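The sequence shown begins at 1 in the working numbering and counts up one residue at a time.
Note that these hints are calculated values from the structure, not bench results.
There could be a bad hint or two in this list.
Said to hold, decoys possible - Below, in silico cross-link-like pairs of lysine to aspartate or glutamate (EDC-like), each with a Cα-Cα straight-line distance of 20 Å or less:
#, residue 1, residue 2
1, K9, E21
2, K51, D108
3, K97, E41
4, K35, E78
5, K133, E186
6, K177, E26
7, K82, D189
8, K182, E78
9, K51, E21
Please read these numbers as outputs of a predicted model, since none were measured by experiment.
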Amino acid sequence: MATRTGERKLQILQVLAQMLEDPKGEKITTAALAKRLDVSEAALYRHFASKAQMFEGLIEFIEGAVFGLANKIVAEEENGAKQAHAIVAMLLGFAEKNPGMTRVLIGDALMNEDERLQARVNALQDRLEATLKQSLRVAATQTPAPAEGTPAAAPDPAAQANLMLCYVIGRWSQFAKSGFKKKPMELWDKQWPLLA
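Kindly produce the complete structure, drawing on both the sequences and the hints.
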């Protein structure tokens, strides 16, 4: 029975994510979600206490996916600059493959929902920035010291991590606001050298 409940919860979250892929970005209601699943609203509430809890399920999925991939990148790549590059590329690629989740990541889907959801997304973004900052700190220790008499040009890891995260959020936002036409990875190869 627990497996069926888990499967139904997953199905509800998958359909919610699909509904968020609508380029018009209309507000999701439990009535519309129940209709799409061909169940009653009461059936939804057997699995989730509220719509906010459904969005929390999506945020948990996003956290597990992006931090699982980021941790794998850090574990497999010793070079801090390459870690930062791979993490930013992964975040852009994740959005491109999961347009509905992108609307959650930029807070667009959370408008008029419980404010703790936006706080949780903000915390997720703060953790991403901290992950990038750590990779950039590693990169700074791996960069050879400038020749004597040459001004040090090493950027501040905190400022650079913030710039990279702002870039990612901007690309996510552009993707969602364009109705998922302007792909996050578009121009990535040309833009990375400007960020790095």
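Evaluation of the provided hints:
1. Our distance criterion of 20 Å between C-alpha atoms is met by K9 and E21, whose separation comes to about 19 Å.
2. Simply put, K51 and D108 have alpha-carbon atoms about 15 Å apart, close enough for the 20 Å limit, and the pair holds.
3. For the given pair, K97 sits about 29 Å from E41 by alpha-carbon distance, which is inconsistent with the 20 Å threshold.
4. About 49 Å separates the Cα atoms of K35 and E78, which puts this hinted pair outside 20 Å; it is violated.
5. As the CA atoms of K133 and E186 are separated by approximately 24 Å, the hinted pair breaks the 20 Å bound.
6. Taken as a hint, the K177 and E26 pair is honoured in the structure, with Cα atoms around 12 Å apart against an allowance of 20 Å.
7. Only pairs whose Cα atoms come within 20 Å are accepted, and K82 paired with D189 is accepted, the gap being roughly 14 Å.
8. Note on K182 and E78: the hinted pairing is violated, with a Cα-Cα distance of about 32 Å set against a maximum of 20 Å.
9. Distance check on the hinted pair: K51 and E21 sit about 17 Å apart at the alpha-carbon level, within 20 Å; holds.
Of the numbered hints given earlier, the model fails hints 3, 4, 5 and 8; all others are met.
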